[in-house]
Amino acid sequence: MSGATIRAGHDPYRIGHRHPELAAPDSTGHGEGGPAPQRIVVAYGFWIFLLSDIVMFSAFFATYAVLHGNTAGGPTAQQLFDLRNTGLETIFLLASSFACGIASLAVEQRNQMFTQVALLITGLLGLGFLLLELREFHNFILRGAGPGRSAFLTAFFTLVGCHGLHITCGLLWLGTMMAQFLAKGFRPYVERRFMCFSLFWHALDIIWVAIFTLVYLIGKIT
Amino acid sequence: MTGETPVPNGYDTAPGDRYEDTPGLAGGLRTYLLGLAFATALTAASFWIATANFIYAPAIPMALVVLAIAQMGIHIVFFLHITTSPDNTNNVMALAFGVLIVCLVIFGSLWIMAHMNHNMMPATALMRMQQ
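Sequence order for the protein chains is A and B.
With the first letter of the first sequence counted as 1, position 40 gets the number 500 in our numbering; the numbers rise by one all the way through.
With the first letter of the second sequence counted as 1, position 59 gets the number 1332 in our numbering; the numbers rise by one all the way through.
These are computed hints drawn from the structure, not numbers from a lab.
One should not assume that every hint holds.
[To be verified] Covered, in the sense of this in silico footprint (three residues per stretch, anywhere, with C-beta under 8 Å from a C-beta of chain B), are these stretches of chain A:
id, stretch
1, 497 to 510
2, 520 to 533
3, 586 to 598
4, 653 to 665
Yeah, the Cβ is synthetic: ideal placement off N, Cα and C, and Gly gets one too.
Just chain A, same shape as in the assembly:
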């Protein structure tokens, strides 16, 4: 042994024992109680994923911000955007996010009927948003303002289309969650999946806030 002498049983940081104050009463591990419950691990991991997704969106936002003036003689943001449509989309998505919150309360209550209805409303509002967005894209392309027209439109379709793609995936996920609650009931792993879904859905609404402000509102006034 080298210079440091270690007294047997001396453990000032309580690494070898369960900490009497910090550890949860039913914890099995040492120190602060060992591994966190699976629910915490899953949700935290999904939270990290969402943040990395937001970082990916930030690259699209940066691209759009740099290129939004490069219209190559084509239509500008001010000529294309219709704020009434954007406002309607915003209302749909915000209401959908709220309905998803209500669904999470229903899951907490273990109420199958309440859960299914709240999820159905969430999905229908999300679908309404998606249809409005597709109608807008279709309209732009008919007016000769497709993604190939200018750097501005490429950046616009990439950013807003990527968000729309996330919504589409979210709707498919929502459908499978409804089916799983119906078929399997409120099992812990189904609830963990639903928890991840609701985080995903609320995060998409946060990204939409950035899109309607930076792309539509600021694009319309400048």
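Since the structure of chain A is provided, determine the placement of chain B on it from the hints.
Frame of chain A; chain B shown alone:
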């Protein structure tokens, strides 16, 4: 075993978990309704300011950005339940790191590209030089 009674305060809060000061259906409903009310008010303010014509025009984009950041904060607190409660520290730290990267990417790109545009010779002048 030391014989001390363990105190049950070792749990962390998962993102999306409501903190224990708003328990049950009523508390949850109140949280979501408050969030919806704040978010609706901020959205309405954004659309109103963007179309209003009595506000000093150069101030409008900044006002819109401020309203958007406020609304994102509302969504994070009332819908995602990422709050300043002590058990939420890990979630907040991850969020802070995400915000740092987002700010670096967006403002860094804008800053660099603005300088490049500023220092770029106009295309007409470049063509004259090549003749």
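Structure-based check of all given hints:
no. : hint       : result
1   : 497 to 510 : holds (count 9)
2   : 520 to 533 : holds (count 5)
3   : 586 to 598 : violated (count 0)
4   : 653 to 665 : holds (count 6)
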